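Asker: Protein chains in written order, with my numbering: chain A, -5 to 315; chain B, 197 to 457.
Please keep in mind that the hints were generated in silico from the structure rather than gathered at the bench. Because the structure is a prediction, the values reported are computed rather than measured. Hints are supplied without guarantee of correctness; some may be wrong.
What the hints assert, rightly or not - Derived, one-sided and incomplete: chain A residues facing chain B with beta-carbon distance under 10 Å: (1) Tyr89; (2) Gly105; (3) Thr119; (4) Pro137; (5) Asp180; (6) Ile278.
Claimed, not checked - Here are the simulated DSSO-like pairs of lysine-lysine, each with C-alpha atoms no more than 27 Å apart in a straight line: (7) Lys280/A / Lys270/A; (8) Lys221/B / Lys270/A; (9) Lys427/B / Lys250/A; (10) Lys438/B / Lys310/A; (11) Lys175/A / Lys305/B; (12) Lys306/B / Lys175/A; (13) Lys280/A / Lys438/B; (14) Lys355/B / Lys177/A; (15) Lys198/B / Lys177/A; (16) Lys273/A / Lys427/B; (17) Lys270/A / Lys438/B; (18) Lys438/B / Lys304/A; (19) Lys215/B / Lys148/A; (20) Lys175/A / Lys198/B; (21) Lys388/B / Lys245/B; (22) Lys313/A / Lys438/B; (23) Lys306/B / Lys396/B; (24) Lys245/B / Lys177/A; (25) Lys280/A / Lys206/A.
Heads up, the beta-carbon is just placed ideally off N, CA and C, and yes, glycines get one too.
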Amino acid sequence: MPHTIWVLVELENDQPTRSSLEVLSKAAQLGNAEAIVLGSAAAEVAPTLGEYGAQKVYAHADAAYDTYLTLPAVDTLSALIKEHQPSLLMFATTYDLRDIASRLNIRDNLGLVTDATDLSFEGDTVNVIVPWGGENLVTATFPQGVGIVLTRPKAFPLERHEGTTAEVVTLNTPVSADAQKIKVLDRVEVESEGPALEDATVVVSGGRGLGKAENYHLVEELAAALGGAPGATRAIVDAGWLPYSYQVGQTGKTVKPTLYVAVGISGAIQHLAGMKGSKYIVAINKDENAPIFSVTDFGVVGDVLTILPKLTAEVKRRKGH
Amino acid sequence: MKMFVCIKQIPDPNTVVSKLDPNTKRLVRSGVSLVLDPGDESTISAAIKLRDTIGNSELIAVSMGPTSAQEALRRSLAMGVDRAILVSDPALAGSDVMATARVLAAVAKKEGADMIFCSTESTDGYTGMVPGGIAEFLGIPQLTFAREITVEGNTATIKRVTQTGYQTVETSLPAVITIASGTFEAIYPTMKGIMSARKKPFSQFALSDLGIDASQVGEAGARERVLNIGKVEARAAGQVIKDDGNAAQAIADFLQRSQLL
Ligand SMILES: Cc1cc2nc3c(=O)[nH]c(=O)nc-3n(C[C@H](O)[C@H](O)[C@H](O)COP(=O)(O)OP(=O)(O)OC[C@H]3O[C@@H](n4cnc5c(N)ncnc54)[C@H](O)[C@@H]3O)c2cc1C
Ligand SMILES: Nc1ncnc2c1ncn2[C@@H]1O[C@H](COP(=O)(O)O)[C@@H](O)[C@H]1O
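The task is simple: from the sequences and hints, build the whole structure.
Answerer: Right, here's the structure in full:
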């Protein structure tokens, strides 16, 4: 019997998020993927979820899920789990899905593994792979059966099968008043120019080696010349040079661009955790022993302040051809 | 109000490369220097600030861990926390998220709590799953990823960090509140703080004090099992050159060779 794997799909601006679709694509490879989608746009997105591998979509089009965080979703999922008993739940690691998982595992006494990069079934056992501390790969499982796996951003590629459709199960049990407790009063989006860090095919990140905040424009200019997005280490985010949204790493964003350029970055394990999956890595650092050089395809030992302006000019010149 | 802050002692992230013991499959703690989680320092500081703003409130630090975790609690007292509780029991070794949340929730229940502060995620485990678990055990709401908190009467309102900006979120107390990393400056203990910490109340609980059965926690209660620990395949290091004045050209050449330009 194929395993039934549930993916809770997150909506943003009435669309399924890319991270949820990535997880759904993976679930469809592992077995019988089913999506749960909650929120006012739930019904409209069901066809898209079919294309990304969901055989069945449980959709509850209720605006209460948009306004009230966590509790309505936990109630609904918990009731569905009792009724249908899936083999496994897979969630993307995002702010809202993390909050939901943290309660659901307790309520339904499910196992829980976070930060996974891969998983597979061996008979009825699911093996979950979790990279740990830069060099270890831990394989974990759920001895009691059902569990929730939170997967790392960008762990799985999108896989779309045009034309495939899902059976849609429309949910209509009203959201209880008790669950309407954590209320979102407003949402503020912080504007940024150019492509979003997570989606950019080129990322140029700067670190403390830039010396001071006023030099960060050198990073932005190279990023712009390469058609990419600028990023940063936690050191310079904590120093107040840039907002948190620029941070790449274990406690920031995970990026997987075609090209990652690290300038004035030492290459701490926590930073590497967010960019090691990049296809090509280029680094400039004045210290030839900087750990960043252990992951670079092309490294330059030198001063970023002299090299960056020349490199930006050279990229522009060659692109001009 | 009665406020709790949950804190943890961890291997010093600035000096220790955390290791897993291949036999017990747990974090190696012996022979490494242990510190109060730096994220928790910032959370404690946020809670102290709020306690002082609200007034007429008590702030209690709680930790579940081995006896060495007393040190972390003492530091929180020196920073300005009013009293400390350590939950320590041999049966707790190997506890998973559910067991940890069960224990911390039991302490909050025993003592009564209006607000329970946690860090959004711990620095060593970074699962970020314990705070929501505490809230679920207590049947109360949680406010997460807070970078600003205000309390008025029975309502807590936070600015919640999101992937693309922030949200304003409110709930009624009692509640669990998690603090986003790096948003509150850590208070540095003064000499006076360190001295007065010695006189502050410090209690220690075992599982039996909380009415929790040993089968529900530790390795016995864990719903996950580590099967094995392997090694990550290292990324092969490429070419490294020294800048002789032509590094910009050399990088551009590399980008062109790799069809990135
Ligand atoms: C729990 C935890 C989570 C963390 N999460 C993250 C995270 O998500 N992201 C993250 O980035 N960090 C994270 N960190 C911090 C991380 O450990 C490092 O401290 C941080 O990445 C260092 O940033 P940096 O490389 O900019 O600074 P540094 O380590 O100070 O490195 C600066 C580098 O610049 C070089 N340099 C100096 N001057 C020049 C020059 N003129 N030209 C060229 N090179 C120069 C130096 O040789 C040095 O290698 C985390 C830490 C912890 C404990
Ligand atoms: N053993 C523990 N004792 C006290 N607090 C804890 C413990 N484990 C986790 N916490 C709290 O929960 C937060 C998140 O931890 P985690 O879910 O492990 O990432 C921590 O920063 C603490 O505030």
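Asker: Now look at each hint and say whether the structure bears it out.
Answerer: Quick rundown of the hints versus the structure:
{"no.": "1", "hint": "Tyr89", "verdict": "6 Å, holds"}
{"no.": "2", "hint": "Gly105", "verdict": "4 Å, holds"}
{"no.": "3", "hint": "Thr119", "verdict": "9 Å, holds"}
{"no.": "4", "hint": "Pro137", "verdict": "5 Å, holds"}
{"no.": "5", "hint": "Asp180", "verdict": "5 Å, holds"}
{"no.": "6", "hint": "Ile278", "verdict": "7 Å, holds"}
{"no.": "7", "hint": "Lys280/A / Lys270/A", "verdict": "21 Å, holds"}
{"no.": "8", "hint": "Lys221/B / Lys270/A", "verdict": "25 Å, holds"}
{"no.": "9", "hint": "Lys427/B / Lys250/A", "verdict": "21 Å, holds"}
{"no.": "10", "hint": "Lys438/B / Lys310/A", "verdict": "23 Å, holds"}
{"no.": "11", "hint": "Lys175/A / Lys305/B", "verdict": "20 Å, holds"}
{"no.": "12", "hint": "Lys306/B / Lys175/A", "verdict": "24 Å, holds"}
{"no.": "13", "hint": "Lys280/A / Lys438/B", "verdict": "9 Å, holds"}
{"no.": "14", "hint": "Lys355/B / Lys177/A", "verdict": "12 Å, holds"}
{"no.": "15", "hint": "Lys198/B / Lys177/A", "verdict": "23 Å, holds"}
{"no.": "16", "hint": "Lys273/A / Lys427/B", "verdict": "21 Å, holds"}
{"no.": "17", "hint": "Lys270/A / Lys438/B", "verdict": "23 Å, holds"}
{"no.": "18", "hint": "Lys438/B / Lys304/A", "verdict": "16 Å, holds"}
{"no.": "19", "hint": "Lys215/B / Lys148/A", "verdict": "26 Å, holds"}
{"no.": "20", "hint": "Lys175/A / Lys198/B", "verdict": "21 Å, holds"}
{"no.": "21", "hint": "Lys388/B / Lys245/B", "verdict": "18 Å, holds"}
{"no.": "22", "hint": "Lys313/A / Lys438/B", "verdict": "25 Å, holds"}
{"no.": "23", "hint": "Lys306/B / Lys396/B", "verdict": "20 Å, holds"}
{"no.": "24", "hint": "Lys245/B / Lys177/A", "verdict": "24 Å, holds"}
{"no.": "25", "hint": "Lys280/A / Lys206/A", "verdict": "16 Å, holds"}
In the structure shown, no violation is registered for any of the earlier numbered hints.
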